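Sequence lines, in order, name chains A and B.
1 is the number of the first residue of the first sequence in this note's numbering; add one for each residue after it.
716 is the number of the first residue of the second sequence in this note's numbering; add one for each residue after it.
Please note: incorrect hints may appear among the correct ones.
DSBU-like cross-link-like pairs, simulated, lysine-lysine; straight-line CA separation at most 30 Å [to be verified]:
hint	chain 1	residue 1	chain 2	residue 2
1	B	Lys962	A	Lys540
2	B	Lys954	A	Lys494
3	B	Lys962	A	Lys382
4	B	Lys782	A	Lys460
5	A	Lys438	B	Lys962
6	B	Lys782	B	Lys844
7	A	Lys341	A	Lys46
8	A	Lys460	B	Lys938
9	A	Lys500	B	Lys962
10	A	Lys382	B	Lys844
11	A	Lys494	B	Lys782
I should point out that these hints are in silico values taken from the structure, not numbers from a laboratory.
In this text, all values refer to a predicted model and were calculated from it rather than measured experimentally.
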Amino acid sequence: MLTLGDESISFEASSSLSDNFYDNTNCKVCTVRGNGSMGVTFKGLKGDSCNLRIKDVGKIKIAKISPSGRVASVQRNENAVDFIVLESGDRENCIEFTQVVSSRSGLIRQVEWITSNQIVFITNNGLELYDVNEEKRNSKLVKTLNVASDWSTCYHPSRLLLLATGVNAATMQPFIIHHGQFTRLKPFAVDFGCSNSKKKLLERDVTVSSIYGSIYVLALRYSTRDSSTSDLLMYKLSADVNQPAKLTYTLVLGLTGMFGIHVIDNLVIVHHQLSRSSLIFDIGLDLNNSAHQPFLTTSLVASSRLCSIAGQSPSLYTPSWVMFTPNVVIDPFMGIFASLKVNPEKAIIEDTVLRLRFLMNRTNQKITVLNELSTAIRDRLKLRLIQQVLEIMVEKNAVSKIPILRPSDPTRSQLLCEDLQLLSIEQDDMVHLFVNIKEHPNISYSHLASVMLAYISILKVREITVQPYLYEVLVNTLVLAGDFLKLHQLINYKVVSDSKPMAYLLVSLEAKYSPLFQSGVDMLVREGATDEIVEVLLAKGNVTDALRYLENHGSLDRANALKALDAIWQYGDRVHKYGIFAHCAEKKGKQVWNEQYEKFSADFKRLYSEEEIIDAEKEVAFSKMRKFISPGAASSRSRLVQEPPRPGAASSRSRLVQEPPRPGAASSCPLILDTNTRYEIVKNDSSLILFPVIAQFRQLQDPRLTREPRVANVE
Amino acid sequence: MLQSPLRYLSSSYGNYTAATTHRGALCLISDLIDYFFVAHPLSGRREGEEHKRVMYFYTQPGTPPDKTRQTEVTGFAEAIVNFMNDFSDKENQNFEGDFPYRDVMTDKTAQVYVQVEHGEFLLGISFDKQASKNFEYTIFMPTLRSVLIEAYKMFKLFFGPMEDFRRADETLFQQRLDYFFGRYFSQLRLFNMPLLNHFIGVDFQPLNGTPFLTIETLLAEVKEDFPAVSKMLFLYQDKLLYYSVSKADLPSLYRYLTENLLPMSLRAELEPNTRVPGGKWLTGPTDLQNDLPITLDCSPPTVFLTAADESYEEHKLLVYRSLNATICLFVNTEVTRLMMRNMDGFLGAELPKLASMIGESISTENSELRVSDFHYIYYNPSSLSLRTSFHQSPLVGGITSKNTPQLPAVPQSVHNIVCETYDRLLEASEDFGECIVKESRDWWIVIKKVNERILVLLLPPTFNIPSLQEAHSRIENHVFISLPKLKTAVYFSVMLTEYGKPLPLPS
């Protein structure tokens, strides 16, 4: 999984004629021939190079280019830095100017470009910050600070300068250089396993890097007792400048010898020269654990490009290698400058969950993660494990949504670190994944449904709105699994959110599991979808119920009425046709509708003959009386009192609906049983019989009906 | 062959016999019935051996067994069934659920006969009218049928189909019938409101979707880790939260659990120093530390569950309880102590967490029903949800008056009218309907049927409704404000009527 030299170049190897320097600001190798008189070349990994020629006025100790690439700085004297303005075109006779250190006894140890026009000199007794003006070809002292140090290291992305102070050079003094100011952070001591054989902390043992959104100082610690165990200590720099860095993680190496450290994609990679192996640490796998073992040990592989530069099988892990963070390997004797690349998808990790978690921590691995997850689900990875993975995934997605807070006050010094690119797998991606798995042959639908439920559960616990299409896939999967019982319960417990499409889906599943019809209609009601409910009821042939619902919701209009008539003419027998039409006609009043209505009207008149209507009327009147002398409540002595049928064809005709095919229709009319168990039929109106609810409502509106009921004694 | 599950049934009712002597809520069925029988007509075909068809005959305790009467009663029942079948078309047969039945009403008794297992067996029950009157019990034929069918289903749950059992060993079959129904009918109590025994449902625990999903996820894990578990049931306190058993078995199982098994274990829990961290098994051997084979005397009960193809599968019922959560695992392989240890390890770690989470969720959701001053029954046949103000749990501590503090007792005449109205004025085959009835003592009875759901409201005279018009507005303004969930139910929409928390009233 570790490939060396996907980006690699060759340069002139160090010899008596040439010296090589590494410019950490721009990640370039600088080759100086003949102290500059034979030429100075800065070469980057991408093949971009910059050539210039300067006079030979002494041995060059440090050579760097400003971040803008317009000024080169070379140090030839112990107390001065020469700046060369790099103009396009003529680089043979460049203009030079010199800046001498301001303190008299100061000896330059290191120079670091902070910005394109600011450079800091680190001298044996302090820091000196200069403005470099390439136009005016001069430089100006901005700030000095007295602090003695052994060595320094600079982390450019954060403009962080780390000075090694103290007797053992083990007290780190970090500075942030910002807006021409040195901000002193709290110093902290680094444990490097001080012993007689190793009295001082060395620069090469210390690395500064940004890992998972925090700046860490990584220091190698050699065991004090025996040299067999070494570890890498990670000191986390607090974003708050007043807090000292804290030892946060210990990476256990368990090896001895020479180490090289790279930090790539939040992975700490420790190369071990003797065993020719690389240990990979990912603190993100367990941020709460302070001691980490390498979760993977592997070896570098030379890329084809490196092979073409350095011969068929270039020797790897040679003692001459020099490594720089984040991912640079330089072999000055071979003249090879190469970068290391991590291919997370090629990592061989047996444990599926660990592998997925590892991949989820890497940048740009979304497709790999989704593919692996899909395979894991298809292979029926245990639910609990899938749940762990999904939980991390949702968490990452949630965190990636939080905007990174930039300091509101740009003048204040802040410890900035590289932006962390978190894996962001949205619900869309997951739905896509689930759908793909669903269409795969030979998969367990119930397992897939459980996985979806686990995912929905995680989203709900975090109060993330679940997308409706996720529910749709869930319902479809449960249907495929044949687990209607579970589906019904999930809907009843409101796990599945309401929506009209979902309601339709449920209604359409009625044929497979009838209670879902009720659930679907309920959902429509909750959605306030009156028209849709009527549509569903009519489609089922429940014309009466549809009209009832419409009446209850006060929206029986022409279109609806015609729809109802259409439906009853399609499904109903003549009794129903008669009843529904009579009701609609009554509702209609004197309004003129259209021809369609007239057609129904003509049909209606042919439904029953005059004789039939009169017979039915009589029958109804008697059956009604009989019905209410029920054996339970009514005693034989009870007097049955009934309102006489009102004159008018409409009311008597409507009673036809009490014909035998619908014996119960009449029975739902409201009754009032009074104190003497005497029955009074308060309302005996036509539509009351077919539409009891509607009739009652109308009754409330009709002032005539609030008076004492007229009674006729039939005793 | 079959060990008895009845040691779980034994004497669990002792506690509240006294409580239920209070009239008006529950009646002992043994006080009301004249007889109950199980007959196998084919066994009595031969002349002179008619009595052989009597598989079981229950009479009032203290009555000496009278073979002649048993033969007569069962013969009469058989004759009635055959006679009526001969004189009616196949289509016109009466069915209660899947079971053909016949009602017979005499001056002194109300009898119901139900044929089960394709007519192989005839079950009959006879209620004494005078006794019912004495106990103010309203005889409502549909309820009698339900009671009879439920008794059969309960037997079948533990012993499987009768015919299979009878063929295997008739003597043992008769012994088991005797043992089972002897206890069943001596302990069974009926509600004075007959509809409550007619509607066969369960009480669901309302819960939010998120905690419900957590339960669902845990159960999915149980099923994955223990493939022997084929079906499950989850209860919180004595309310149902999740089930994967067939709906056909659910009410019987729920009754067995809430009326027998859990009250027994509850009593043990109340004793000091018996609390264990994690959870414990309520069925099966108590000593799990060895690997001895599980003997019959400590084996978990066997239950026969309906399979997808309507056949029956034998399962072992393992019940695990922690805090207020009860999980029932139906295992279709042999149960070993090792299996139970492993399950204990898993559930002991997970169930207490889940139980306290549900507890928190329920307490934050607040009690869904405000104190109401009227009675209600709500039943949804499609989900089997049954709720009522008449009782909370009939068998955990008798009658609770938590929700009905000052409610006047419902007079028997009201019970009567409710049943009559339900039976005669609402169409069984229709999903919608409404009826409002005023009773002679000023009780108002409202029955609504909306999209299959049934809501029965009993408004006491204290409600003071002068007219039908007033009734409507009062129901609108008072009843549904007290029962916001039921309002939505009635208006065709059940927001969270059965399960979830109340919603704001629709404007």
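Against the structure, the hints come out as follows:
no.: 1; hint: B:Lys962 - A:Lys540; result: 25 Å, holds
no.: 2; hint: B:Lys954 - A:Lys494; result: 18 Å, holds
no.: 3; hint: B:Lys962 - A:Lys382; result: 29 Å, holds
no.: 4; hint: B:Lys782 - A:Lys460; result: 65 Å, violated
no.: 5; hint: A:Lys438 - B:Lys962; result: 28 Å, holds
no.: 6; hint: B:Lys782 - B:Lys844; result: 24 Å, holds
no.: 7; hint: A:Lys341 - A:Lys46; result: 14 Å, holds
no.: 8; hint: A:Lys460 - B:Lys938; result: 23 Å, holds
no.: 9; hint: A:Lys500 - B:Lys962; result: 28 Å, holds
no.: 10; hint: A:Lys382 - B:Lys844; result: 61 Å, violated
no.: 11; hint: A:Lys494 - B:Lys782; result: 57 Å, violated
Comparing the model with each earlier hint shows violations of hints 4, 10, 11; every other hint is respected.
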